[in-house]
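Asks: So the sequences go chain by chain: A and B. The numbering of the first sequence is the working numbering, which starts it at 243 and goes up by one. The numbering of the second sequence is the working numbering, which starts it at 243 and goes up by one.
The hints are simulated quantities; they were obtained by calculation from the structure and are not laboratory data. The C-beta atom is built at its ideal place from N, Cα and C for all residues, glycine as well. You may find that some hints are simply not true.
Some, not all, of what chain A presents toward chain B, calculated at C-beta under 10 Å [said to hold, decoys possible]:
#	residue
1	ARG281
2	THR400
3	VAL402
4	LEU461
5	SER481
6	PRO484
7	GLU485
Calculated cross-link-like contacts (lysine-lysine; reagent style DSS-like; alpha-carbon spacing at most 27 Å) [what the hints assert, rightly or not]:
#	chain 1	residue 1	chain 2	residue 2
8	A	LYS503	B	LYS294
9	A	LYS486	B	LYS294
10	B	LYS329	A	LYS509
11	B	LYS339	B	LYS329
12	A	LYS493	B	LYS262
13	B	LYS509	A	LYS306
14	B	LYS503	A	LYS509
15	A	LYS294	B	LYS382
16	A	LYS294	B	LYS384
17	A	LYS384	B	LYS493
18	A	LYS294	B	LYS509
19	A	LYS509	B	LYS294
20	A	LYS509	B	LYS339
21	B	LYS306	A	LYS509
22	A	LYS294	B	LYS503
23	B	LYS382	A	LYS486
24	B	LYS382	B	LYS329
25	A	LYS329	B	LYS509
26	A	LYS384	B	LYS486
Have a look at the derived ranges for each label pair, beta carbon to beta carbon [claimed, not checked]:
#	chain 1	residue 1	chain 2	residue 2	range
27	A	LYS493	B	THR433	32 to 40 Å
28	A	ASP412	B	GLY501	35 to 43 Å
29	A	VAL353	B	PHE297	45 to 53 Å
30	A	GLN327	B	GLU404	45 to 53 Å
31	A	ALA289	B	THR433	33 to 41 Å
32	B	GLU413	A	LYS493	21 to 29 Å
33	A	GLN327	B	LEU348	57 to 65 Å
34	B	GLN489	A	ASP500	41 to 49 Å
35	A	PRO269	B	LEU304	51 to 59 Å
36	B	GLU413	A	ASN496	27 to 35 Å
37	B	LYS244	A	LYS493	48 to 56 Å
Number of protein chains: 2
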Amino acid sequence: MKESPIGVFDSGIGGLTVLKEIMNVLPNENIVYFGDTARVPYGSRSAETVTKYAFQSINFLLEKGVKAIVIACNTATARSLSIVQQKYDIPIVGVIKAGVRTAMELTSSGVVGVIGTEGTVGSRAYELEMKSISSRVQVKGKACPLFVPIVEEGWHDTDVAEIIAHRYLDELREDGIDSLVLGCTHYPLLTDTIQRVVGEAVKIVNPAKETAMDLMDTLQKHKLLNERGAQPSYEYYVSDNPEKFSQVGEKFLNRAIDGIKLVEIQKY
Amino acid sequence: MKESPIGVFDSGIGGLTVLKEIMNVLPNENIVYFGDTARVPYGSRSAETVTKYAFQSINFLLEKGVKAIVIACNTATARSLSIVQQKYDIPIVGVIKAGVRTAMELTSSGVVGVIGTEGTVGSRAYELEMKSISSRVQVKGKACPLFVPIVEEGWHDTDVAEIIAHRYLDELREDGIDSLVLGCTHYPLLTDTIQRVVGEAVKIVNPAKETAMDLMDTLQKHKLLNERGAQPSYEYYVSDNPEKFSQVGEKFLNRAIDGIKLVEIQKY
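Next up, chain A with everything else stripped away, as it sits in the complex (with noise of 0.2 Å):
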């Protein structure tokens, strides 16, 4: 058991930036990875169609013999993560928790801005994660819907993006917020952009790097930690277009993907 892998998904490849964090945290761990790219982005659908979504990638991995999985992915983990929580046996460790704890241990204003998908800000997930360790923050979400394309696209560092990113961020700035979680697994690629915008004096949360710790920990309590000191095996699973995904995902895992598999994932 020790030895199987951890099952990590995505409506794409914005969760490569998490299995990035995870392969430097835990590198003896194995590891598949599916992304949905069938089906992204889920940050425009409804609850009820991200959670259908989320069952299927866990009944996929699950048939992978996976000991645990990571939603790697803040609209799946704001829609499903309770659900699926109840429902599977194997622990379940989602994105949002570990940005949470991050920007209120930062910040000194107590407004605290997240950013995200509309999918995400919509379901205040983050708002009532927040509220429940301290009442008297202030949560200022705003959903950036154009900052997806805008890095699958390649052009994070343009002009453009900063000036998409003003009419998104100014109105945050204006708030006052002192910390901004980046509340979409896409949204890294962007942070000189988004600091510049912001200003130096606003501590930017990266959820990926705190959600590979927190599996970490689950992984320990659970007595699932890989402790053999093996290469590990890494396996990439998408719905659709593997082409693509090699391509656009190398920028984000900084590391080829080669042998990715075609699943069809509306059978899970």
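Chain B: place on chain A using the hints.
Replies: Chain B alone, transformed into the frame defined by chain A:
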């Protein structure tokens, strides 16, 4: 049979720009519209996936008793029209031939631009169709993946839209195009911005109106025109998020959209 509805489908809301023209040109016709909002966008998906989705949309519309079908989506037309026309007995009209014909009539330089999704431009469907009319035409294709999210965000008349349009279209202008096909049903909302960017000398072709004319000819040829002057009925189905379809769709259609129903399209 003549009073049966026309079936129109698209990956989401873009097809409403085509629907609007059909309503104008054929005011007696009953219409069933299906928008595949659970799986939008089609533009970045593989040919196999888009073709499978087209079959499902057509099977659903046939169950609604339609007498003819319009594929109001350039990507789905490019990827699947010839395949589905072989498979089904009823007339099926796409959006590409209409745009090709108009652009070929309008060009003097013989250099024609075509903009659309990655799927449409990558398929070279417009180019092959144009070359079959005149082998001397030069076709300059350009995928513009950010145009769809810009329109869905309601930013089609902003400085952001104009900067993005310059990034995509300046090279077409330098290539000497004198007509430009809007090869994606979202793009008509960007007409003013695109016209400013490419200059007044370039004629912009919106295939929607010509597609409605093609449909009229086809119905006439098959003796399927509805000659009863009663108030037509319009039905709308989507695979996800009817509320959002209604909100955003009204901008496309310039009329209220009521009674939208959900359909589980993967069952078809």
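Asks: All the hints need checking, so say for each whether the structure fits it.
Replies: Results for each hint:
no.	hint	result
1	ARG281	6 Å, holds
2	THR400	8 Å, holds
3	VAL402	6 Å, holds
4	LEU461	34 Å, violated
5	SER481	8 Å, holds
6	PRO484	9 Å, holds
7	GLU485	9 Å, holds
8	LYS503(A) / LYS294(B)	19 Å, holds
9	LYS486(A) / LYS294(B)	19 Å, holds
10	LYS329(B) / LYS509(A)	25 Å, holds
11	LYS339(B) / LYS329(B)	19 Å, holds
12	LYS493(A) / LYS262(B)	41 Å, violated
13	LYS509(B) / LYS306(A)	26 Å, holds
14	LYS503(B) / LYS509(A)	24 Å, holds
15	LYS294(A) / LYS382(B)	41 Å, violated
16	LYS294(A) / LYS384(B)	36 Å, violated
17	LYS384(A) / LYS493(B)	23 Å, holds
18	LYS294(A) / LYS509(B)	14 Å, holds
19	LYS509(A) / LYS294(B)	14 Å, holds
20	LYS509(A) / LYS339(B)	36 Å, violated
21	LYS306(B) / LYS509(A)	26 Å, holds
22	LYS294(A) / LYS503(B)	19 Å, holds
23	LYS382(B) / LYS486(A)	23 Å, holds
24	LYS382(B) / LYS329(B)	32 Å, violated
25	LYS329(A) / LYS509(B)	25 Å, holds
26	LYS384(A) / LYS486(B)	18 Å, holds
27	LYS493(A) / THR433(B): 32 to 40 Å	33 Å, holds
28	ASP412(A) / GLY501(B): 35 to 43 Å	39 Å, holds
29	VAL353(A) / PHE297(B): 45 to 53 Å	51 Å, holds
30	GLN327(A) / GLU404(B): 45 to 53 Å	46 Å, holds
31	ALA289(A) / THR433(B): 33 to 41 Å	35 Å, holds
32	GLU413(B) / LYS493(A): 21 to 29 Å	23 Å, holds
33	GLN327(A) / LEU348(B): 57 to 65 Å	59 Å, holds
34	GLN489(B) / ASP500(A): 41 to 49 Å	43 Å, holds
35	PRO269(A) / LEU304(B): 51 to 59 Å	54 Å, holds
36	GLU413(B) / ASN496(A): 27 to 35 Å	30 Å, holds
37	LYS244(B) / LYS493(A): 48 to 56 Å	55 Å, holds
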